[in-house]
Every structure is written in C-alpha cells, then in structure tokens.
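S.K.: Taken in sequence, the protein lines are chains A and B. Mapped onto the working numbering, the consecutive letters of the first sequence carry residue numbers -2 to 194. Mapped onto the working numbering, the consecutive letters of the second sequence carry residue numbers 48 to 281.
Hints in this document: simulated from the structure, not taken from any laboratory. Positions of the beta carbon are idealized from the N, C-alpha and C atoms, including for glycine. Misleading hints may appear alongside valid ones.
[Claimed, not checked] On the chain B side, residues computed to face chain A include the following (Cβ under 8 Å):
hint, residue
1, His60
2, Asn114
3, Gly172
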Amino acid sequence: MSLKQTPSQTIGPFFAYGLTPKQYGYNKIKDIASNDLNSEGTIGERISIEGIVFDGNDEPVDDALIEIWQASSSGLYVTSKNLKDTNDSFSGFGRCGTGTNPQRKFSFTTIKPGTTGDNQAPHINFTVFMRGLLSHVYTRMYFPEEEGANQHDSFLLNVPKNRRQTLIAKQISSNKGSVYQFNIYMQGANETVFFDV
Amino acid sequence: MTSSYNQRDWTVHPSYFSENYKSTHLRSPTKAPIKIEQTNSELTAPSFFPLINHEQENDLTKNGAVNGQQPLGERIVVTGRVVDENGKPQPNTLIEIWQCNSSGRYIHAADQHDAPLDPNFFGAGRCITDNNGIYKFYSIKPGAYPWGNHKNAWRPAHIHFSLFGPAFATRLITQSYFPGDPLLELDPIFQSTPKEARKLLIKTFDIEATEEGFALGYKFDFILRGPKATPMEK
Chain A
-2 MSLKQTPSQT IGPFFAYGLT PKQYGYNKIK DIASNDLNSE GTIGERISIE
48 GIVFDGNDEP VDDALIEIWQ ASSSGLYVTS KNLKDTNDSF SGFGRCGTGT
98 NPQRKFSFTT IKPGTTGDNQ APHINFTVFM RGLLSHVYTR MYFPEEEGAN
148 QHDSFLLNVP KNRRQTLIAK QISSNKGSVY QFNIYMQGAN ETVFFDV
Chain B
48 MTSSYNQRDW TVHPSYFSEN YKSTHLRSPT KAPIKIEQTN SELTAPSFFP
98 LINHEQENDL TKNGAVNGQQ PLGERIVVTG RVVDENGKPQ PNTLIEIWQC
148 NSSGRYIHAA DQHDAPLDPN FFGAGRCITD NNGIYKFYSI KPGAYPWGNH
198 KNAWRPAHIH FSLFGPAFAT RLITQSYFPG DPLLELDPIF QSTPKEARKL
248 LIKTFDIEAT EEGFALGYKF DFILRGPKAT PMEK
C-alpha cells in the first residue's frame, strides 16, 4: 500500500441533474439507475421500500441521495463477472433523491433479496449522501419477518442490542403490496447504525 | 473476487463533524461507525458497462449545446488515472461528473445564485476508464460562487465526481479543485480534509495534456481503496 486514498468530499446540494436526472426532470443525459429496480423479467417477490432521512432536529432532509445495492431473489449479486450467467433481468442497484416527494420520502420498487449464504440474513445495502455529509455513510435494511435469520446475521450481531431496531424495517399495509418503511436518523436517540464498511 | 478491501483511511477522509462547515452540525452521525468483516455485499458492485455510451457523454462542452453553439468559458480537458492504493489501474470504472458553469451557476433548479445560466452548458456527464485505468473528459472551467455558510463565503472552483470502482466498499464521491486558487484556504469543505491529504484534491496543470489551440489540460488521479494485503505464503 503506497498511495493514499483520494479523500471524500460532500455530494453538495446540486447533484440531481448529474446523478438522478430523470427523477428531477432533466433530460440532457440518461440515468444509469432509477428507483425502480424491476423489469418484466425480474424474478422474485415484488416489494416497495420508503423512508425519510431525518436530521438532528427531526426535520426531513430534502437533498439526500440514497443508493441501494442488493442480491437477486436467488441471493446473487449481479456484477460484470456474472452478468452473462444469469437470466434474471435484475441489476440490484437503485438510486433515489429525497427532493421530489412532497414529504421528502425516498422510495424504491424492487424484489425481496434472497439469502447470500455467508451468515447474512436477507438485507438491502444503503449508501447515503447529502450536503453536510463529508463522507458517505453505509447502512443496511433488514426484514422484520426474518427474525430467525436476523439473529444469526454477522452485521447485526456486532450491533449493540438496543440499537439493532434502527436497522429493521417496519412492514406497513398498503394497496401497493408489501411496503417496508425504513427511516434514516442521522442523529438523536434513534440514530441509525452506520457501518465502517 | 477480492477477499477484502482496506478500510477507509480516516487520516485522509474528512471527519463527519466540522465546526466551520455548518451543514454538518445536524447531519453528521454522532456515534462511531461500527466495524464489520466485509461480505459479498461489500465486495461486489453493479455493472454499468453495457448501459452507457460514454463517447457521447464525456464532452460537457457539447452535451448541453444548442444548435452547435458553444458554452462560454475557458475550455479544459481533464485526464488522469483511476488506480487503487497499490497503484493498480482500475479499468471499466464509471466516473460521473457534475459542475457549475463558468459564471458559477448550476443548472439545478434549487441554485438561486444571481449569475447567468448558460443556454449551451448543462454541466453533467460521464466517462469510463480504459484498459489502463485512464479517463478523459472535456468541459469548461467552473466559476467560484457564493454560499450561505458564513459571511462572504465563496466556494473555490471545483468539479464533483462520483466513482464506483470494483466494489460497494470502494464507492467514492469527491470534489477536485484547481491549483493556486486563493479561496482554498478559506473554504470549510476543502479545509475539513486532513491537512496532509488536501493536495490529493487539487488538479495539476499539465502542458502535455493541454491541447494546442483548444483546451487547457489538467491532470487528476483517483486513488480508490485497494485489496487488503494478504500474508505471504510460506
């Protein structure tokens, strides 16, 4: 190891036209990802995720970028190496800004990920960027109905018991099918657990 | 697949809280991030390669232009390499780019700075590194602009970058600045970076990269987290 990592800097308030152009109504460049990870050929149980990012005053953050990265329903992360070997048209990557919903919600349409096998309960990886955040934070969303698997998850086991609930989504009823609510608290009594990935 | 990547080096990355950068006060986590052993989730990354036609997107002097007109400002060409901490080139790496125009105004609807928009400049694009980890894009030099952080606050000219690299763990969003800018010393965002590491955020002017009669050349290398060294086998 001879070189130093390039330092992180904040994403700032004006990323939307470059990173999430379609969501914010810009059309000069195309999106590389959206908040809908599914296509017709996607295999698996359709779910929705929604949440709000709260600052230390419990105010919704209106200029955050949320990225998710998850396994397919069979527990496979689709990468450039195995892209050709899978017939499941699921990329596993999504992006959503918090600036277009009136309540400052982010939302994703996706499928419930399968188990990846390495002592991991089914989960969705989150990266959060925003003005005022000099380095991004990593967190994970777990599923409330996976109580058994969650008890053996290597990440959750590293988290003090009284903070684990910040990583477990709430299932809410909706006419859209299975909706999981996953709010992210940057500070405060319920501060979300972030990982030094 | 790499078995694990080096941790984020907190001797180069800014801490979450910065007294002088006000937006961090209510947005920086107060508890230390929890250490974990990396799993498949952190060691894999999405593939964007088949999705992007970067030939059309790496020229910001053209991708927002109307009827073949040109944006105002000093044309620049920015080039360099994406490597890991061991100096190993990172091919097929997506780099997303966004910046304000030469007057210091972003096209983003929320930017209210009273400087003109340029009808021929959009300010965002992408490129992908070649087999040697080299990238190149064209743009115009962004302007400085005022912001509300403190009295008479101005951001130094900068370009925003977003990179994925080979794994979710190597994700990087950063800004790169221009050499000799007097605003760097006064900018709380740049200054929040540990002192020794600040030079890693400044482009170098490069006459070799400069294209005669066309654009000033700047060099900037990105150094992403590398695979953790494994003990030598006996």
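S.K.: So, as I understand it, the hint says His60 of chain B touches chain A; can you test that by seeing if any CB pair is closer than 8 Å?
M.R.: 5 Å, holds
S.K.: Hey, does the Asn114 of chain B contact hint survive, CB to chain A under 8 Å?
M.R.: It is violated, given that the least Cβ distance between Asn114 of chain B and chain A is near 14 Å, above 8 Å.
S.K.: Can Gly172 of chain B be said to touch chain A, with a Cβ gap under 8 Å?
M.R.: Hint on Gly172 of chain B: holds, closest Cβ of chain A at ~7 Å, below 8 Å.
Comparing the model with each numbered hint stated earlier shows that hint 2 is the single one that does not hold.
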